[in-house]
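Student: If you're matching positions, the sequence shown starts at 1 in full-length UniProt numbering and goes up one per residue.
Among these hints, one or two may not hold up.
To be verified - FRET-style restraints, in silico, Cβ to Cβ: (1) Ser-114 <-> Ser-64: 19 to 25 Å; (2) Ala-336 <-> Ser-254: 25 to 31 Å; (3) Asn-333 <-> Arg-283: 45 to 51 Å; (4) Glu-424 <-> Gly-239: 37 to 43 Å; (5) Lys-130 <-> His-153: 25 to 31 Å; (6) Gly-239 <-> Leu-432: 24 to 30 Å; (7) Ala-465 <-> Leu-432: 50 to 56 Å; (8) Glu-398 <-> Ala-425: 19 to 25 Å; (9) Ser-61 <-> Asp-124: 25 to 31 Å.
Stated by the list, open to error - Subject to a maximum C-alpha distance of 30 Å in a straight line, what follows is the list of computed DSSO-like cross-link-like pairs (lysine-lysine): (10) Lys-130 <-> Lys-103; (11) Lys-156 <-> Lys-190; (12) Lys-156 <-> Lys-103; (13) Lys-156 <-> Lys-130; (14) Lys-407 <-> Lys-393; (15) Lys-97 <-> Lys-86; (16) Lys-190 <-> Lys-231.
Because the hints were derived from the structure by calculation, they are not lab data. Ideal Cβ placement from N, Cα and C applies to all residues, glycine included.
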Amino acid sequence: MVQYANTDQASRALSSAPSTAFSLLDSPDLGSSETKGGAADDASFSVDYIGYEGIDWNLLSGYSIRKHQRRPRTGWVWEHGFDIEKDGSGHRFWLCKMCHQKKATITHMYDAASTSQANGHMEDIHRINKDGSMPPQKKKQRTLFDMVDLDPHRPKDQALMNAFIASFEPARFQHLLIRWVACDNIPFYKLESPYFRDLMANANSAIVDSGSLPTHSTIREWIVRTFSRHKGVVTELLGRSLSRINISFDAWSSRRFTSLLGLTVHFLDDEGKFRTFLLGLPRIEGRHGGENLADRVSEILHEYGIEERTDLGIELGFKKQHRRLRCCSHIINLVARSILFGTDVDAFEEDCQADKEIQDEVQLWRSKGPIGKRHNIIHWVQRSGQRIEKLHKLQSIENTALSLEDKTTYDVITDNATRWNSSEAMMERGYLLRNALDSLVQAEVTEWNQYVAGQEDTERDKTDAEEEPQETCDC
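Just need the whole structure built from these sequences, with the hints factored in.
Tutor: Structure, rendered in structure tokens:
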């Protein structure tokens, strides 16, 4: 015989009706339309039984409480699940109490023949095992589907999920990633940063799931493969050029003292459009002599099949004794520096390097007029973090006083003998910061004058004290 839970409703049923579960449906107290709290609906009728408290039978059409068994239920999962039976067939199921009472979208019900699935559900979803509560699990990365609450069991949501997953193109993403790394000179190891990977996973989990985030060695292979694939396109374009192909090359060293040779071509393509391509950047081994460089240039020209499309000066009657091709930019730079610092620029730079004392260097630059004065001020500011901070504060005060929309403050730019146009950059930034620099220098001069005046007063007082006659007395 089935026992009922000790509730008010069940007590009334026991006192006024036969003690069978089916006779309760015909009880006047439970079947009346005038029940306490409003009209009763037979379709939503539910009664709590011992061991089944909180179950909503309206959500379990075709299921009932299990029949009595000779063997008792074993396993800790039954403390967290309802033991129900389908269609009176004796086929038992474990129904999660927590999910059912929360009215979860998905009914978490598992075959009771084995409790392994129920165990996994309690551990993964509710973090409970046979020993009780489990330590908190590392928070799982939320996917876009979690954010918008899409359920693959619902046909419309399933269609949206399929469309979204299909919209991601790994090949397209890899192409954009390669372009970003190559064009912005991104270090390969940056792609292995856990913060970068978390950022990508948060944007779209498909990026990680599809293996589209490479390691530093993989991205190198991708870039080399992409370069090789586009080499044929460039070769065809060079072959269809309307003009002769002009080449320029330059040797230089990286920060790690790796010697490289950059070779660039300039030509008109088959549509008459001027084109410039970097064909190669090979490493140079040995001395940077003409023969060694010529061998590397010849290899690159042969690789692209353009040996016959270039012009050689020697074939055009070129005589190095009569015609010398110099770097135009280098000549212009030399002329500009001669105007600024005199005709013997190299001697001036050697003097600056020879004089190690700051005062000697300042005197050398003072002899170069306003450019030298600006150089001294800029380097004086750059030598102190406190002066740089004061310079930014003075710019902020000026921006506020003039009610400028752009509140940006700037650092000074120092000139450098080995960097072209550095003197021009220094003067342009100095002109932009002229008011702040003048205020900074004036404040420094005022502070220095006050210090000197204070020292002079101290010395004067000391001298006066020494000159005062000493009073004597006869005892």
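Student: Take the hints in turn and mark each one as holding or not.
Tutor: Here's how the hints hold up against the structure:
1. The hint said 19 to 25 Å for the Cβ distance between Ser-114 and Ser-64, and at roughly 21 Å that hint holds.
2. Judged by the Cβ atoms, the range 25 to 31 Å given for Ala-336 and Ser-254 holds: they are separated by roughly 28 Å.
3. In this structure the hint that Asn-333 and Arg-283 lie 45 to 51 Å apart at CB is violated, the actual value being about 28 Å.
4. Roughly 42 Å separates the CB atoms of Glu-424 and Gly-239, a value that falls within the hinted 37 to 43 Å.
5. Checked against the hint of 25 to 31 Å, the pair Lys-130 and His-153 passes, with Cβ atoms roughly 30 Å apart.
6. A C-beta distance of roughly 50 Å is found between Gly-239 and Leu-432, which places it outside the suggested range of 24 to 30 Å.
7. A beta carbon spacing of about 52 Å between Ala-465 and Leu-432 agrees with the range 50 to 56 Å that was offered as a hint.
8. Remark: the range hint 19 to 25 Å for Glu-398 to Ala-425 is upheld by a beta-carbon distance near 21 Å.
9. In this structure the hint that Ser-61 and Asp-124 lie 25 to 31 Å apart at CB holds, the actual value being about 28 Å.
10. Restraint check: the Cα-Cα separation between Lys-130 and Lys-103 comes to about 24 Å, which is no more than 30 Å; the hinted pair holds.
11. This hinted pair does not check out: Lys-156 and Lys-190 have alpha carbons roughly 39 Å apart, beyond 30 Å.
12. Under the criterion of a C-alpha separation no larger than 30 Å, the hint pairing Lys-156 with Lys-103 is consistent with the structure, at around 21 Å.
13. Straight-line distance between C-alpha atoms of Lys-156 and Lys-130 comes to about 38 Å, which puts the hinted pair past the 30 Å bound.
14. Pair hint Lys-407 plus Lys-393 holds up; C-alpha atoms about 11 Å apart against a cutoff of 30 Å.
15. A distance of roughly 17 Å separates the Cα atoms of Lys-97 and Lys-86; the hinted pair therefore holds under the 30 Å criterion.
16. With a CA separation close to 27 Å, the supplied pair Lys-190 and Lys-231 stays within the 30 Å bound.
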